[in-house]
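Q: Residues per chain, in single letters:
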Amino acid sequence: MKSLLEYAGVEEGRVNFSWVSAAEGGRFAELVKDVTEKVKDLGPNKGLIEKRIEV
Amino acid sequence: MKNPYLPLPMKMVKNFTETEDKLIHSFTMEFLSEEDEKSFAYLPGQFAEVCVFGKGEAPFGIASSPTEKGFLKFSVARVGVVSTAMHLMEDNTMIGVRGPLGNSYPIERLKGKNTVIIGGGFAFTTLRSLATYILHPDNRGDFGALTVIYGARNPGLLLYKDELKEWEARSDINLVCTIDRPVDGWDGKVGFVPTVTKEVAPPADENTIAIICGPPAMIKFTMPVLEELGYKPEQTIMSLENRMKCGIGMCGRCNVGGKYVCKDGPVFTRAELNQLPNEY
Amino acid sequence: MIISKKDIPAFLDGLMAEYRVFAPVKTGTYTMFQQLKAGAEAVLDYSNTKIPPKGILFPQSEKLFTYSLTGEGAKVEEVIDAAQSVVFGIRPCDARSIALLDNVFNNDKYQDPYYLTRRANTVLVGVGCNDPCSTCFCASVGSGPFDTAGLDLLLVDTGEAYVVETVSEKGRELAAKAGLTAAGDAAQAAAARVKEEAAVTSAVSTDGLKAKLDVNFYDGIWDLIHEKCLGCGACTYSCPTCHCFDIVDDATGTDGCRIRNWDSCMFPLFTMHGSGHNPRTSGKERYRNRVMHKFKYFVDNFEAVACVGCGRCINNCPVNLDIREVLADIRGSEARLDK
Amino acid sequence: MQNITNLVQDAAKKLLEDKTVDLVVGFSGGSLPLRSTPCFIRTPEDTAKLVWDLSCENNLANYLRKKNQKIGVVAKGCDTRSIVALIKENQIDRDKVYIIGVPCSGMVDRNKVEQLLEGKELLEITRDGDTLALKGKGFSKTAGISELLHNSCRSCGHPNPVLFDQMIGEPVAAGEVDTFADITEMEAKAAADRRAFFTDQFSKCIRCYACRNACPMCYCEECFVDCSTPEWIGKTIDPQDSMLFQIGRVFHLAGRCVDCGACERACPMGINLTLLNRKLVKDVKDLFGAEAGLSLDDKAVLDTFAPDDPQPFLVKE
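Chains as they are written, first to last, in the numbering used here: chain E, 1 to 55; chain V, 1 to 280; chain C, 1 to 339; chain L, 1 to 317.
The set of hints was computed from the structure by calculation and includes no laboratory data.
Quick caveat, the model's predicted, so the values are computed rather than measured.
Take these hints with a grain of salt, some might be off.
What the hints assert, rightly or not - Below, computed lysine-lysine pairings styled on BS3-like, alpha-carbon distance capped at 30 Å:
1) L:67 - C:284
2) L:88 - L:70
3) C:284 - L:96
4) E:38 - L:189
5) L:135 - C:26
Next comes chain E alone, as it looks inside the complex (with noise of 0.2 Å):
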């Protein structure tokens, strides 16, 4: 899904996946604050497509 998503022109590092299981709270929660710095550095979404039409 990440590999199609950033292949038709989403931001690479939008999509983030991992594994996390349900006894590794730290470790979720650093996984959830990196991703979100990660995010927050790419700003708002340009979306797939950058402006929507008008109708």
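Dock chains V, C and L against chain E, hints included.
A: Just chains V, C and L, lined up with the frame of chain E:
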């Protein structure tokens, strides 16, 4: 040019759980001004598109009668996006109503005649409107005898239970309610609508008109009974349902043959339907 | 009147000062009607555009109104497009389709203000077909390569120039504004000759078709005719007379709008009831309804066939389900009215 | 080709005469040049309508699902791969289909012909060996058949039927193994360029769903794009919605798409769907070494799990 797509803003003042299975709610909606109410002149049998802003709109038969002033009433089963949103809605929410749409029961034709109303399940909404209209003191004298046969699976699924009680007490209406299977505490009729119709409906004469509305199976089995009783196709009136969007004969989906249920119906005589394909 | 071919771009540029001008524009291997940015973009020696120009008056996606919810009520604002437009280079078949759509959007009970406002503010300038395609069967459905139904002006290609025929008052005004000069006798004669020579090669006999459709609803032919149909909307969306639509809401928070989109009678959900019951269960019923609508119901309601013979459904169908063959098969079918 | 046409007719005739099948689905001559059309043959006499030529491009596996009759089908390499995939998904009963396999050397792309003729109308074709003579009003052009083939046919690695009850004609030499050169080239472009390319392609979309309906693997009773509760995707012609629809469709075909190209052929607007669809075909092949619809015995690739399945998509920690 009047824009038929614009909804009239109304306030939904009461969201009432109508049936025991909670699948049908009745909604009372108030007009915001007298002008609005004047612009919405309707007759029993017509429908309206109810719009939940952000979700869309869906067509429902109007369950209130024009003799009831200041509000509209709809009874709605929870099936799609709009009806689900309505069911979850709190009292005093803004809602839009577009209409009235479609034709109505032939009030002028019914005047001076005896009327037999046959309904099943929750398709009783516009029939309630018609019965209420006929029973209003201003109108009652214009119409002949009124028989109402109304069936549901069990007593809990009957709509408008309080009103049915009032009707039962009146002498100017012969109300027969029936349920599919016997239940404790039910002292009314037990049996399917077609069977009960055979027992209690007056035999047809020139002066009687039958109006029938209900689930397809009920209609299918009641029709032969009415024929047996002598009701001619011209004397049998039905109200159809088809999927609709625009309500004004343009969007193309509700057609039965060359007729649009929204614009040319929803009320048709059996004679008219015999001329059309069975796509409803 | 007459206009030289080399003057067309300048003529269009002139119109663009006052009107939105739509004309066929080359996009890839086909042409499409688009709003012009410059007069030179327009191509007039095209066969048929991929998709008909009905979308100029009845867009595929169109905002009906916007709303915002306030504590007290709902503020609803309609979005009516009242700009002045010219559709330049429309083919007679497409113009005829617009005349047919007028019946739908202005029916016996209701008027559609979105379509009708655009229609009133749009001038249709047609160009006749000297060289119809092999799939054009306009002459079989009451039209022809120089049909003027629905048009305001008709251009006839005489080689170096177009001879301009006035069809309506709107057309006369536009021609007068543009200062077109009168056509000489020679040009008039040339135009008449062109009209005579243009031949539609494809024909489908419609004799007795309506009478047959009146009685064959339950005939077994409907089980076979649709068999290869995939049930997509390529034919309906490329049909100039199809007008079905869907209405949906699009909202964020308390603000939103209601939009209508083209819809297709070939889709199963088109007629599906909330209860799950579907009056037109399978491809058979849906295809039958499409044919019946065009060649029977529309005739019953408006005394005209809802097909203009443009041939787009033939070219665009992914499985080559050809309406000409379908009509021929139907004419040979049995009458059967019993269910 | 004439020869194959005759063989197909004979085979179909025999099947109907023997009552081995009730119906044969094949191709007959269409109403336009280079446009053969699916046809349904029920009597031995009607088998004379069957043809085999360069325009039998539809995937006939579409017409075999959930049928009660016993059906004979004239099937190319890609059609048989779809049939295999559908049998594995319990959409086709193997005992109810009789596959007349026909090795396929590729089908001609009418869009390419149109491009070659610059939009002029094609009225007649004649074949001479490896070239086609294309004729219309006042012009005639010749072109090599191989140049005019569909992209999906040019990259096809399995032109011969992978499953059949009877094979017509000689197997054709399989082309080179699909290198996915088109996808690699696209991958190498900048994200913005790819985005621009797809935006341009999907702004042509009219949402007719011919791609979905022409796809034998798209058989859901209710497609996610039609669903209203919840409404996954907007219904307007906004290219963003059109593209999200296609991306969703591609995902649903992950590990199932047999890369037959029927979707792109069906598109009336000439949208390049291959470049999106084949990306996932390539990913599935690269990651799991799997290709759909080749054998009745493999398990569907996304139905299987191995601890050492590659997972390059995980967040780097």
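Q: A separate judgement is required for each hint: does it hold in the structure or not?
A: Quick rundown of the hints versus the structure:
1. L:67 - C:284: This hinted pair holds, its Cα atoms lying about 15 Å apart.
2. L:88 - L:70: 18 Å, holds
3. C:284 - L:96: This hinted pair holds, its Cα atoms lying about 23 Å apart.
4. E:38 - L:189: Holds: residue 38 (chain E) and residue 189 (chain L) sit about 23 Å apart, inside 30 Å.
5. L:135 - C:26: 22 Å, holds
In this structure, none of the earlier numbered hints is contradicted; all agree with it.
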